Each structure stands twice: as C-alpha cells, then as structure tokens.
Amino acid sequence: MGIVANLAALTTLASLATAWLPEDNKSINSTDGTNLFESSSKIRGVNLGTQFIFEPWIAQNAWSSMGCKEQASEFDCVSSLGQDAADSAFAKHWDSWTTQDDIAEIVSYGLNTIRIPVGYWMLEELVDESEHFPRGGLEYLKKICGWASDAGLYIIVDLHGAPGAQTPSNAFTGQNAAKPGFYSGYNYERALKWLDWMVELVYTVDEMRNVGMVEVVNEPVQDDGMASSMREKYYPQAVERIRAVEKRLNINENDYLHIQMMDESWGSGNPNEYLDDLTYMAYDDHRYLKWDTSVDVSHESYISTSCGDKRDSNSPNIVGEWSLAVPDDVEQSSDWDPSSNTEFYAKWFAAQVHSYEKQQGWVFWTWKAQLDDYRWSYQGEYLFSS
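If you count by mature numbering (1 follows the signal peptide of the UniProt record, and there is no 0), then the sequence shown holds residues -19 to -1, 1 to 367, one letter each, in order.
Hints are computed from structural coordinates only; laboratory data are not their basis. The structure presented is a predicted model; accordingly, all values stated were derived computationally and were not measured. A couple of the hints might just be wrong.
In the DMTMM-like style, the derived pairs of lysine to aspartate or glutamate whose C-alpha atoms are separated by at most 20 Å in a straight line are [as the list claims (entries may be wrong)]:
{"no.": "1", "residue 1": "160", "residue 2": "204"}
{"no.": "2", "residue 1": "339", "residue 2": "245"}
{"no.": "3", "residue 1": "271", "residue 2": "290"}
{"no.": "4", "residue 1": "174", "residue 2": "105"}
The whole structure should be built from the sequences, with the hints applied where relevant.
This is the structure in structure tokens:
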C-alpha cells in the first residue's frame, strides 16, 4: 500500500461523537440509516472528473476516440458529431470511464467519499433547442451511485455545469462560452429546476441513497457584479427549493441533505450574505497552489504554505478540489519532475491533508486521468510507494 493510503489510515482521528457538520452529533447516514463514517468524521475522497462533464485535457486519448479531437467542449462535440452519433459515443464513455472496479479500488485506498460533477443537461427537458449536449447520462449516474452506495461511500453531487455557463471559456461548464450566461433569472430558474429534480431522485431512487450533499453551483465567477446577483437571488432560492422538496416528501429534518456552496475564499463573496437559515449548510473550497501566484515556487514554500493553510472562511468547509500540480512553466523541469521527486510530492500531499483535515476534509482532483502524471490522478498513488 502506498503512502497516500497509509496516510489515510494513520490520520483516522475521530468518531462521530465529534460531528463534522453544523449541528453537534449529526451522524453521516445514508437514507436507509446506515452510518457511513464509523471510523472517521473527515471527508476523504476523490472527484470523478470527466465522467459526466468531459474535460479534454484530462483524457485526450478518450476524447479523440469519441471523434471529438478538435472540439473544445461537450457542446462543441455534440454539434460536430450530430445528436445520435454523440449520444452513442458518450454512452460508451460513461459506461467505461468509471466502473465498479474503480469504486472498489477507491474503497481499497481507505477513502470514504466521491464527488460527482454533473451538468444541468442531464435533466434533458432543460436543454433549449439552441443547445447541444449528450443525452442518456442519468442511467449511468444511477449505476455509479448504486455501486458507491453498496460500497459504503458518501456521495456529493455537484452542479458543475450550470445553465448558460457560470464561467467563460472553460470545458468544465460543458461549453466554451465566451461570456458566462448563468447570471440571469431564466438560467437561475433552470438550475433551480435541476435541483428540484436531483433532490427528488436522491430520496426516491434507491441507488442514490448515499448522496448526502448537493452543491448548487461549482466555481462561479470571481466578479462581484455578477456574483452579487447569484448570492442575492439564486442561493436563497436554491435553499428554499431544496427544503421544499424535502418537506413535500415528508423527510425528517434530521435526514435533510447538506447544501453546499463555494466558500468566501473562492472569491465570489460571502455565500451566507442573504441566507436566513444555515441549517445543514456546507462550503466548498478549491485549493490549487499551481495557480496561486502569491506563493513562491519552491519545494520549501509549497510545503510550508500548505502546512500553514487556514481554509476556514466559512464552516463547515471541505476542500472539494486540490491536486499536486505545479505551474506549467516548471512542471517538467528537473526540480519538479514527478518521477524523480516522489519524496517531495509525498511530503506535500501529507502537508495538504494535514491542513484540510483541520477543517472537514478533502476531495482530490481527480480519480483518474490519461496524463501519465500522478499529480492529477489519485489512482496513480502507487507511485508514492515506499
């Protein structure tokens, strides 16, 4: 077993007597009452990146084999291939990228959580005639959640690709939009309908029983002009709509989902600004030193920065994305080469885990990639073996 897995075992710190969520003594249970975190109160998990929202840089070979090689996003690929051909190509990808063997391997590493990025287009009735996205993903989401639930994993479902795109020119939104279109009443309502639908699925579809948290939007713009509208209009309505579904289904308040938003340190403002009720709220923090120009690019600086990181602008906080990636201009240099610097990367991994578990835990980006680079792929953790 490699250092990553050993660290997970060594840092098992607490029982559920010290609950990690807003109310003391709130157990982490699946909807059937199963206690999921008997050995630890910390989130320790991986993202299933590129499963339902394809980011070509993560898996260029798979992207090319689908016929999408020259395309920047799912929207572009579907437009190029045509709907039927695209549906077939994406179905093959959904069926093979994350398998039941992957779920078993995740569990074998001592992890307890998966975060699943999903696009609004999975609810196909929300897609306008002018939009082009693959159809048929829901059955594969159910299948993965069923495997994860059977394996005892906690599941976070994340609205990673919002209607209109929440940030420009980024494939993780599902489209390469020049300008973000999410920040309007029309697209807020489409996102709210997606939340209504997803929450009902969680409570009525057995395979979804271990989904305990829904994130209302991933990485919105760091522009207060647009983000203020989101905080004032979308966030309060998201909470209201989720709780309304739970009340309609007669869900006991103790079994409510946790509702997650990006925390204030992300740069989109204080998510609590217009919220009246913070019951079962949670916050998402993404920490990539790769893009933090305030940190000196050296081994010593990266480890000391990570050791001293305070990710506590909102609580309870989960670092929902992080990696071992370093700036592009040095990533293949001798000082940073992953094959010859495994000792440093193992120490840096430990430093990040140490800091993020001062809060409520972490979810590594990502589970697998076709980069031959463990800095972006937890599945490659065997490279840390001592």
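Status of the hints after comparison with the structure:
no.: 1; hint: 160 to 204; in the structure: holds, 12 Å
no.: 2; hint: 339 to 245; in the structure: holds, 17 Å
no.: 3; hint: 271 to 290; in the structure: holds, 15 Å
no.: 4; hint: 174 to 105; in the structure: holds, 11 Å
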